[in-house]
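For the protein sequence lines, the chains are G and S, in the order given. Residues 674 to 921 (the numbering used here) make up the first sequence, in order. Residues 580 to 695 (the numbering used here) make up the second sequence, in order.
Read the hints as simulated data drawn from the structure, not as lab findings. Positions of the beta carbon are idealized from the N, C-alpha and C atoms, including for glycine. Check the hints yourself; a few may be wrong.
[Unchecked claim] Sample of chain G residues facing chain S (criterion: CB under 7 Å; computed from the structure):
| no. | residue |
| --- | --- |
| 1 | K692 |
| 2 | V879 |
| 3 | D883 |
Letter by letter, the chains look like this.
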Amino acid sequence: MSEVNEKAAARDATNWAKKVSTLNVSEVPEGAININVEGKRLAGPIQGFGKMWQKTYQVRLPGERVSATELIATWKQRFPEFWPEGNAFYGPLTGIAPGEVALLNMTLPGKMKLSTGVMVLYADEESFTLMTPQGHMFAGWITFSAIERDGETVAQAQVLMRASDPIFELGLTLGGHKQEDRFWDQTLTRLATHFGEPDREVDTQVVCVDKKRQWSKWSNVWHSSAIRSTLYMLGAPVRGIKGLARSS
Amino acid sequence: MAEATATFEVRRHGPASIVDIRGDVTSGSETVLMGAYEETGDARAIVLNFTDLAYMNSGGIGLLVTLLVRANRHSQQLLAFGLSDHYRQIFELTRLDEAVGIHDTESDALAAAGVA
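Just chain G, with the same shape it has in the complex (with noise of 0.2 Å):
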């Protein structure tokens, strides 16, 4: 094999996750729900049932604060952290690697609490991508980067997803599409506040790269993670009666 060749193979066994059939979680830290994950498969914008969209949003940051790279390794390694309020990502302790799957517990419109997770598709020096699984409010990826460019490093998150399900896709139409754009904003500017610089503005291009919606994958709503988080949280009080119960 040439050494061209040999470096190319190592790339790829460090950087991709290996194939997986379906999704398992090792761990379910203190505060998360695993109810959505586990056992599920990935879903990329081909299973996704919405219209396709690209959104891409960059903050600029002066090149001599971070590098590109200094930028991703800060990212991966403190992910959590640059979430806004109201929303967890509960990652593996060690930073974001291929393979890794995180719980979330998200914050939808109208207050709605939701459980999902991620897997980490792929990780590099310059970038990582989560993939979303079945059930999740989008399928598709979502690749966080870095690069430096006239005198600047340019960090972006791009999403490349169809809403899931009809019920998703409707309600991204009813306000879910502004909510997402100022989720990924709050990120953005949280990780440029790390890097002191809270005044930046994030820019946000979104583009529809396929106005058709995916018919065919309506029954994707029986995977949904609104209908089961909801369920979920509609049977606590009997889990905590049942609970009572056991421990006297």
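Since chain G is already given, all that's left is putting chain S on it; use the hints.
Below, chain S without anything else, positioned relative to chain G:
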């Protein structure tokens, strides 16, 4: 935008166009890949040749999804051959294999596209 690190050469084979991919496919390949797609013109099937692919990151996989959408919009079939075992697994992991027909050889891919 990241720098392009791959080339995409287009060959015509009857109603199919074959795209020979060389180098590293990343998000920086968008302009050259979409330029190659334009070159495929009215081809009924687009066959991606990954034999000389050196490396592809998640940005490259994202580009393939965008290419797939464009091909579907024009009722074109998208197929692939020459993928290493590793990238076959990546296609399966990302479930791209559910929309892109994967074959061992160019002739298998062309046969699947209905091109003699």
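Interface hint for G:V879, Cβ within 7 Å of any Cβ on chain S: violated, 15 Å
Are G:K692 and chain S close enough, Cβ to Cβ, to be under 7 Å, as the hint says? At 4 Å from the nearest chain S Cβ, G:K692 passes the 7 Å test, so the hint holds.
Verify the interface restraint on G:D883: the C-beta must sit less than 7 Å from at least one C-beta of chain S. holds, 5 Å
When each numbered hint is compared with the structure, a violation occurs for hint 2 only.
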